[in-house]
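There are 2 protein chains.
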Amino acid sequence: MAEKAGVVKNKQVLLKNYAKGLAKESDLEISTESTIKLEVPEGSNGVLLKNLYLSCDPYLATIMKGTLHNPLFPVYSVGSPIKGFGVSKVLDSKHPNFNNGDLVWGETGWEEYSHIEKPDSFFKIEHKDIPLSYYTGLLGMTGLTAYVGFFEIGKPKKGEKVFVSAASGAVGQVVGQFAKLSGCYVVGSAGSEEKVDLLKNKLGFDDAFNYKEEHDLVAAALKRYFPEGIDIYFDNVGGKTLDAVLPNMNMHGRISVCGMISQYNAEKPDPLHNSACILFKRLRVEGFQVYECFHLYPKLLEFAVPYIQENKITCVEDIVEGLENGPAALVGLYSGRNVGKQVIKVSSP
Amino acid sequence: MAEKAGVVKNKQVLLKNYAKGLAKESDLEISTESTIKLEVPEGSNGVLLKNLYLSCDPYLATIMKGTLHNPLFPVYSVGSPIKGFGVSKVLDSKHPNFNNGDLVWGETGWEEYSHIEKPDSFFKIEHKDIPLSYYTGLLGMTGLTAYVGFFEIGKPKKGEKVFVSAASGAVGQVVGQFAKLSGCYVVGSAGSEEKVDLLKNKLGFDDAFNYKEEHDLVAAALKRYFPEGIDIYFDNVGGKTLDAVLPNMNMHGRISVCGMISQYNAEKPDPLHNSACILFKRLRVEGFQVYECFHLYPKLLEFAVPYIQENKITCVEDIVEGLENGPAALVGLYSGRNVGKQVIKVSSP
Numbered sequence: 001m002a003e004k005a006g007v008v009k010n011k012q013v014l015l016k017n018y019a020k021g022l023a024k025e026s027d028l029e030i031s032t033e034s035t036i037k038l039e040v041p042e043g044s045n046g047v048l049l050k051n052l053y054l055s056c057d058p059y060l061a062t063i064m065k066g067t068l069h070n071p072l073f074p075v076y077s078v079g080s081p082i083k084g085f086g087v088s089k090v091l092d093s094k095h096p097n098f099n100n101g102d103l104v105w106g107e108t109g110w111e112e113y114s115h116i117e118k119p120d121s122f123f124k125i126e127h128k129d130i131p132l133s134y135y136t137g138l139l140g141m142t143g144l145t146a147y148v149g150f151f152e153i154g155k156p157k158k159g160e161k162v163f164v165s166a167a168s169g170a171v172g173q174v175v176g177q178f179a180k181l182s183g184c185y186v187v188g189s190a191g192s193e194e195k196v197d198l199l200k201n202k203l204g205f206d207d208a209f210n211y212k213e214e215h216d217l218v219a220a221a222l223k224r225y226f227p228e229g230i231d232i233y234f235d236n237v238g239g240k241t242l243d244a245v246l247p248n249m250n251m252h253g254r255i256s257v258c259g260m261i262s263q264y265n266a267e268k269p270d271p272l273h274n275s276a277c278i279l280f281k282r283l284r285v286e287g288f289q290v291y292e293c294f295h296l297y298p299k300l301l302e303f304a305v306p307y308i309q310e311n312k313i314t315c316v317e318d319i320v321e322g323l324e325n326g327p328a329a330l331v332g333l334y335s336g337r338n339v340g341k342q343v344i345k346v347s348s349p
Numbered sequence: 001m002a003e004k005a006g007v008v009k010n011k012q013v014l015l016k017n018y019a020k021g022l023a024k025e026s027d028l029e030i031s032t033e034s035t036i037k038l039e040v041p042e043g044s045n046g047v048l049l050k051n052l053y054l055s056c057d058p059y060l061a062t063i064m065k066g067t068l069h070n071p072l073f074p075v076y077s078v079g080s081p082i083k084g085f086g087v088s089k090v091l092d093s094k095h096p097n098f099n100n101g102d103l104v105w106g107e108t109g110w111e112e113y114s115h116i117e118k119p120d121s122f123f124k125i126e127h128k129d130i131p132l133s134y135y136t137g138l139l140g141m142t143g144l145t146a147y148v149g150f151f152e153i154g155k156p157k158k159g160e161k162v163f164v165s166a167a168s169g170a171v172g173q174v175v176g177q178f179a180k181l182s183g184c185y186v187v188g189s190a191g192s193e194e195k196v197d198l199l200k201n202k203l204g205f206d207d208a209f210n211y212k213e214e215h216d217l218v219a220a221a222l223k224r225y226f227p228e229g230i231d232i233y234f235d236n237v238g239g240k241t242l243d244a245v246l247p248n249m250n251m252h253g254r255i256s257v258c259g260m261i262s263q264y265n266a267e268k269p270d271p272l273h274n275s276a277c278i279l280f281k282r283l284r285v286e287g288f289q290v291y292e293c294f295h296l297y298p299k300l301l302e303f304a305v306p307y308i309q310e311n312k313i314t315c316v317e318d319i320v321e322g323l324e325n326g327p328a329a330l331v332g333l334y335s336g337r338n339v340g341k342q343v344i345k346v347s348s349p
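Same order as they appear, the protein sequences are chains A and B.
Note that the first sequence ends on residue 349 in full-length UniProt numbering; no numbers are left out.
Note that the second sequence ends on residue 349 in full-length UniProt numbering; no numbers are left out.
Extracted from the complex, chain A is given alone in its bound form:
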């Protein structure tokens, strides 16, 4: 491993300043100043990683504000690389769980090489026949999010009716496919015709609609697509969509609250007018955070790997090449620029 021999340049995406409101590209900067020695430093029991793929997720932009005081999430410091989930190769290991050459996924830095002092939470990649980028998506945090929210909280039964918002996004597309594999009827909403087409023609949704084309938001569309009501709503957006869903839920319906992207940067939150439906329809509305659910990862693998190997699940990815394109990709999530799971390819193994 020639790289291990010496000291190399380490391109990084640094936090330039904490974001005010919606994170902008200019809140980040690309640095080529830093260098790194490609071995675990003296006295450390960690690993030295070469980062291959980085996962672009909306919550990263929230952390960039510096106001999120949540021990589950990483903290970003001005002048340091931001962090997120990624797929990496172990170049050097002083940790008993990892060997040089292992492929792993976990929380790493937005840089070419990272020294991880405590890599205990990293997962070793065992199924190497599956594209490595999938470990940022379907077989990474994204897939686990879909798994927990749909199966553990949604508790689907065959034949049930499932609605997914932001359905072409990273999590949504996985939920939709999980729903189909579970014998459910599934309809997704998305923000462009291209995405609607993707849902219907590539991801196997029973139907899909463009919420931007629906006049009274999604209420009328939901009535049309769910004449028998909704049993499970997988919520990625919150706000007005959640409010429109409530009266369309069936008795004993479940709302799995995974994200509320419409609310994160709202000056005033959208009010919910239909909360009484929770009572009248005996709904269960439950928020969750995948960071607390990594113990369920083996269940995701057990469920999803065979379907991937049989080509029964697709993963639509939007891969940008090069760390230097990371900031635009991250910020683009909020304008819906991406089609499918947004991934940054940093380098090849």
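One should not assume that every hint holds.
Which bits of chain A does chain B cover? Going by a derived footprint, with three or more residues having C-beta under 8 Å, they are [what the hints assert, rightly or not]:
{"no.": "1", "segment": "80-86"}
{"no.": "2", "segment": "264-272"}
{"no.": "3", "segment": "279-285"}
No lab work stands behind these hints: they were computed from the structure.
All values reported here derive from a predicted model rather than from experimental measurement.
Where is the CB? At the ideal position from N, CA and C, for every residue including glycine.
Based on the hints, put chain B in the right spot on chain A.
Same frame as chain A, but now just chain B:
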């Protein structure tokens, strides 16, 4: 049993017309016109009941509107007695489960005597050392509601912090006592000083406050009474109180949605502004309906009967004498006239 010999007058509370909006006393009328033969009619396999106590519950006023199409609830017909839960004595039985002289509770008519064609859902009263009126409350549907909402949905752990709205009401007072018996800290809100005093000095709540005296509704009060946040909110009122509770909930908190009395007659529902807390705090918000939970009644008995026998649970009742005072008692629930569980005593066994 002299009553059984013949035909007697049967005083009734009849629905005069469907209520428009909030039910009024004048939507009901007392009739002394009807007579009834005190035995099960020829060809019926039912029971003939002498009604002793009737339970006054807010949902009855909702049924009076005639617009509630819910197969779980009874239907009221204009000119017929309204129905609700009550305690009765079996005067005559053609049903294998019941014998003459049995004391039972279940859904009966608001009248002195009722013929119940299908009494299968009635419960036989085994613990006769406990005041019979308790079977409209603590050991009736009210107690079961509290049991299901607090234990099955709230899943309390010792030391957790519990907030109960409408805490001096039928269900609320039971929840508060269940919470104390479970080692929780419990604070209730109510609508008068008299009720607050009852909560603190008779029902053993750790604290209580009058929501009508709190300027920015209950938000400030909640901060004061729950400096460490709320783990379980037992919601009887919905609306603004629910909205104020959301930001005060702890991570993984549970909101057991039992009732939303503030919303039933609202022209416009109160909007919820804090729904994003469901996501950020990973809350579980769950509505339930006790009509679906009668299979859990033995668990309530097992839990509550020993505490009642040891005088460790109190039941504050507001008993009015005489069927003719029923309409005012029922309508009074909406103005908070009652202090404690509202019961109508129809007759003695």
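Here is how each hint holds up against the structure:
no.	hint	verdict
1	80-86	violated (count 0)
2	264-272	holds (count 4)
3	279-285	holds (count 7)
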